[in-house]
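Participant: Protein chains in written order, with my numbering: chain A, 1 to 168; chain B, 1 to 350.
For the record, the hints were derived by calculation from the structure and aren't laboratory data.
Keep in mind that this is a model prediction, so the values were computed, not measured.
The beta carbon of each residue, even a glycine, is placed where N, CA and C say it ideally should be.
This list has only true hints and no planted wrong ones.
Non-contacting residues of chain B with respect to chain A, defined by C-beta distances greater than 12 Å in every case (computed): (1) 13; (2) 24; (3) 46; (4) 74; (5) 93; (6) 103; (7) 127; (8) 148; (9) 278; (10) 288.
Restraint ranges, calculated between C-beta atoms of paired labels, are given here: (11) B:270 x A:56: 54 to 64 Å; (12) B:150 x A:1: 46 to 56 Å; (13) A:44 x B:50: 43 to 53 Å; (14) B:289 x A:116: 33 to 43 Å; (15) A:50 x B:277: 49 to 59 Å; (16) A:156 x B:180: 31 to 41 Å; (17) A:130 x B:167: 18 to 28 Å.
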Amino acid sequence: MFTTPSPDDMIEGVIAALQNEILPFVTNPKAQAAVLISTAILQMARQSMAAHDAQVLDEHNSMAALLRDVAAAIGETTGPAADAIRQRATTLGAAPDYAPLPDLAAAAAGHRALSQGIVDTLIDLDLLQRSGIPAADQALMLVRTHLGGRAVRDVQTLVVGAGMLGRG
Amino acid sequence: MNEQLAEFLKRQWPDADTISVENFEPIPGGYSRETFRFDARVRRGDNEEIVPLILRRDPPAAVSILPTSRQTEHELIEAVRAHTSIPVSKSYGYELDRSHFGEAAMIIERMPGSGLTSALFNGGADAAQAESVCTHLCELIAELHLADAEKLNVGGKLSDPRNVGVDISSWDRYMETTFEYYLQGYHWGDFEPLPVLMDAYLTLRRARPRPLRLSLVHGDFNPVNFLYGDGRVTALIDWENARIGDPREDLGWMQAMDVLSNTNIMGSVTKEGGFLGYYNKLTGFNVTQDEVNYFCLFGTANIAVPITNALKRRFQKEHMELTPFYIIQPSIVNVLNFAKMLGYPLPAGV
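Can you make the complete structure from the sequences, with help from the hints?
Facilitator: Encoded structure:
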């Protein structure tokens, strides 16, 4: 997976294109409004992506705790409503907490550092191969097995459609 | 723009009484130059003719993918016209002064024929022409590779058109200095670590094939850089990446782009056992499929250097154009193609 450009970089690029490459050439007022709405929605998506997963996990854990706290707060209160609250605390409120997300920016930086380590390893293996060290061939194949799997996954994940727009 | 074009043409055709420009419109597609079609209405005495033309203009430097010279392209295609029978647009001149057309530009003849080459394949409307068009295309690239490179390399400008230290004094020096360029170029384009690209460059350097005499190569011989009609190629177009190189580079690049473009240029020739067999019969070069595979990788590397450089400039926000994000798509496919060509162990079915 590429860490650059990130999904956020791509959306930011589309927003810039809508503003700079498309909007100046749109004359229909309704279409102009649609472009502006589109940029706003894309910006909303950027902001949402930055916080979405962490906030969903955080709020999931908070809500489960809340249901348990509410049940504790009503104490020994009797009646169907109180029973329902206590019951809810033992079902929904018993949902186990999700672990918080790791720092994905740090993970991406680590990914880049490791990829650079593979580049440097390839350069070293090339030196060994040119020196006629047979073990380097075997080691290179290990690297290629790893990289091949990544290349296939990148195509499956990122490529849209067949052929290139504007190519004949 | 119409006035600037007319003014330019008046300088080229001083015998014309009046020149006016009509039907100016952009031609979509293409990623390196901006192209526009237009007609010039030219009156000389009682005679009036309509000349179909194309303006090829450089993009702004910040967003340029492949910086090349319109003057060099002009001189090359005029040399090709003079010294070969390859159909190519006449060039009516170039203007390097940016104040005229906004960027450096050239004006060329708009050749007859269809550029919708995808119609030749996959059951397209012109599928019946595919074999004869592709056979003719094979003949044209063979003619180019057999042509006297000295005559086409006007002023030596195609010896190292990117000014990156390529030395064409021998095949060995050409390959060695090109590898130096690739390895240096890796760092101009490493918007992030690209290990498959590095592996490709190093492997190319380790596993070079037998020497072959250098010739003028088109440099972007691919399934969309020709026009056709009535079963023939009517023009080879887009010569901006032409240079002195190994002729197998054009074959390798065509093979790579045939896959990427979902076309079948090389599989559509039946003469002499296929495109490569026919090419070998015409040239006597005896190129093997393994050599084509090698130069498929070599040619892809050649274009990877400027493309990754352009991507890096965009991702570092030197400009905010959108196209580089799209170019990521074929780049990702090409990484997998590199992996296949390098013999990576891949999951079954890939």
